[in-house]
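Undergrad: In the order they appear, the protein sequences are chains D and A. Residue 1 is where the first sequence starts when you use our numbering, and the numbers rise one by one after that. Residue 1 is where the second sequence starts when you use our numbering, and the numbers rise one by one after that.
Treat each hint with caution, since some may be false.
[Unchecked claim] Derived, one-sided and incomplete: chain A residues facing chain D with beta-carbon distance under 7 Å: (1) V59; (2) D60; (3) V74.
By construction, these hints were calculated from the structure, which means they are not laboratory data. Beta carbons are placed, not taken as given, at the ideal position from N, Cα and C, and that holds for glycine.
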Amino acid sequence: MGSNLIDALFIFMLAAFIGFEVIRRVSPLLHTPLMSLTNALDAIAVVGAIVVVGERRSTFSTVLGTIAIVAATSNVVGGFLITDRMLKMFKSSRPGKEGAPSSGSKA
Amino acid sequence: MTPLTSQTLIEVLYLIASILFILSLKWLSSPSTARHGVLAGEIGMVIAIGGTLLRHGIVDYKWIAISLVLGTIVGVPLGMVQMTAVPQRTALSHAFGALCVTLVGTSEFYLRSPDVPRFTMSVLAIEVILGSLTFTGSLMAAGKLQEVLPQRPITYKGQNFVNLALLAVAIAIAAYIVVNPAARTLFPAMIGIPLVFGVLMIIPIGGADMPTVISLLNSYAGLSAAAMGFVLNSKLLIIAGALDGSSGFILSVIMSKAMNRSFTNVLFGAFGQVQPAAAAGQEVRAVRTASAEEAAAILSAANKVVVVPGYGMAVAQAQHKVRELYDALTKRGVEVRFAIHPVAGRMPGHMNVLLAEADIPYDALVEMDDINGDFPQTDVALVVGANDVTNPAARTDPGSPIYGMPILDVDKARTVMVIKRSMSPGFAGIDNPLYYMDRTLMLFGDAKGFVNNIVREFSGNHG
Numbered sequence: 001m002g003s004n005l006i007d008a009l010f011i012f013m014l015a016a017f018i019g020f021e022v023i024r025r026v027s028p029l030l031h032t033p034l035m036s037l038t039n040a041l042d043a044i045a046v047v048g049a050i051v052v053v054g055e056r057r058s059t060f061s062t063v064l065g066t067i068a069i070v071a072a073t074s075n076v077v078g079g080f081l082i083t084d085r086m087l088k089m090f091k092s093s094r095p096g097k098e099g100a101p102s103s104g105s106k107a
Numbered sequence: 001m002t003p004l005t006s007q008t009l010i011e012v013l014y015l016i017a018s019i020l021f022i023l024s025l026k027w028l029s030s031p032s033t034a035r036h037g038v039l040a041g042e043i044g045m046v047i048a049i050g051g052t053l054l055r056h057g058i059v060d061y062k063w064i065a066i067s068l069v070l071g072t073i074v075g076v077p078l079g080m081v082q083m084t085a086v087p088q089r090t091a092l093s094h095a096f097g098a099l100c101v102t103l104v105g106t107s108e109f110y111l112r113s114p115d116v117p118r119f120t121m122s123v124l125a126i127e128v129i130l131g132s133l134t135f136t137g138s139l140m141a142a143g144k145l146q147e148v149l150p151q152r153p154i155t156y157k158g159q160n161f162v163n164l165a166l167l168a169v170a171i172a173i174a175a176y177i178v179v180n181p182a183a184r185t186l187f188p189a190m191i192g193i194p195l196v197f198g199v200l201m202i203i204p205i206g207g208a209d210m211p212t213v214i215s216l217l218n219s220y221a222g223l224s225a226a227a228m229g230f231v232l233n234s235k236l237l238i239i240a241g242a243l244d245g246s247s248g249f250i251l252s253v254i255m256s257k258a259m260n261r262s263f264t265n266v267l268f269g270a271f272g273q274v275q276p277a278a279a280a281g282q283e284v285r286a287v288r289t290a291s292a293e294e295a296a297a298i299l300s301a302a303n304k305v306v307v308v309p310g311y312g313m314a315v316a317q318a319q320h321k322v323r324e325l326y327d328a329l330t331k332r333g334v335e336v337r338f339a340i341h342p343v344a345g346r347m348p349g350h351m352n353v354l355l356a357e358a359d360i361p362y363d364a365l366v367e368m369d370d371i372n373g374d375f376p377q378t379d380v381a382l383v384v385g386a387n388d389v390t391n392p393a394a395r396t397d398p399g400s401p402i403y404g405m406p407i408l409d410v411d412k413a414r415t416v417m418v419i420k421r422s423m424s425p426g427f428a429g430i431d432n433p434l435y436y437m438d439r440t441l442m443l444f445g446d447a448k449g450f451v452n453n454i455v456r457e458f459s460g461n462h463g
């Protein structure tokens, strides 16, 4: 237990530092998609809820866990969906950088 | 597969998911790679959920499947909302994230109590306290943003004392449960009090403070998920929670710097209580006004135009008309750029998303620090629905409530045009000396309608 705790604290500390360094570099242009993306990633809490429901330890925990999965899954699905929709809209005025126009659009 | 090898396999899958999550955020640093970031996040998520389903202890798949499907049914419409509704959607998703964490924490407590080691119980307490206050706080924020709740801050005497006292009681209960994990009857209070605190915390928060508050709630949601990772001993959760927590924290710092306020000031110092009296005596000062025709003439004679969008543009849904204006001016060889204040709108980056939705290229969107030096060489600064972020009193008047807040130096442009419904002061009730300057023209009207009229002047001249 003791060493697990220390390991966990190390991991938290390292991940927080990586978070600071990586996110500091995100352009303010993309702060809204950043928030919706981190929100979707944070919904990885669904993993904990799945375990609670799947191990079927009590009716109470199954009920709470089921609601928790619904809440977290809606964040996963909605978060990724809206982030991608937003990012699709960001276009540069310099043509070519965004890749070739899709072939389907001219049909 | 023996339980041991499947356990190793799951850990490896979680490791891969963690790497993908970090890459996902790294790729978000530039618009050209950002969509790879979403893909990486999605793959990481699928791997993590898939890995979890392989777990040895999982015997019941029925409810998992049902709730995954239900969650998807709820999630898809939440992913398809209008871009103007993104702030309230974001607040709502913080609430859902916090709800999940709180429910899992509650269920863990009742399954393990009274055999909960002190450290586990401490992080579990942090998990459910942060989770439940973030849940109701985010719901309140979403309600205010959706305008089902009043946007104005509501304050009363002793408010801060009541709030802090409540929080102190919750922490005291948590401390008691940490020492006596058998005290199952006290656990509901440890959830109930933070739920009430979350509501009370947001009541005094006004719309203009929403960017900071949403970021703070984002950070809390992340930290509560990390705490859940400690309780469940899940490295993946700790990593994802730490990433989300630090992201929310960085955004909160940026937002409060952009308002020259501290977190404490945002949370405990509701804006806009004493100003109405100060604004009253100044109604009689004269302003210059202009029609759409005159505005169009001035704009077409300009070489450099800077548009300053604010929350008013979002409310009026004027971004598509602004884009037509951008096209008309660009076609005439006028250089048009957009000056983006960090707290313009209701969440970090709000204006960028709206303008990108209207197909304005992102290289025309310029941050405050990069564009402020250019205002003296700007022929026309056109303010569309922004107010406090252009108020020169923040630079010049130490008595102003927003003194010291970094602003867009719109007043230094050769001509300033402000589209505004009326002379009523902005959200915070602070008078804006910009409107009374000799070089300022007030364009009274609805943002969408007025920009449309200007655009029509241009097309009329063409024909």
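Undergrad: Compare the structure with each hint and give your call.
TA: Hints versus structure:
Checking V59 of chain A against chain D: minimum C-beta separation of about 6 Å stays under 7 Å; hint holds. Contact between D60 of chain A and chain D, as hinted, is supported at the beta carbon level, the nearest pair being about 4 Å apart and thus within 7 Å. Interface hint at V74 of chain A: satisfied, since its Cβ lies 4 Å from the closest Cβ of chain D, which is below the 7 Å cut-off.
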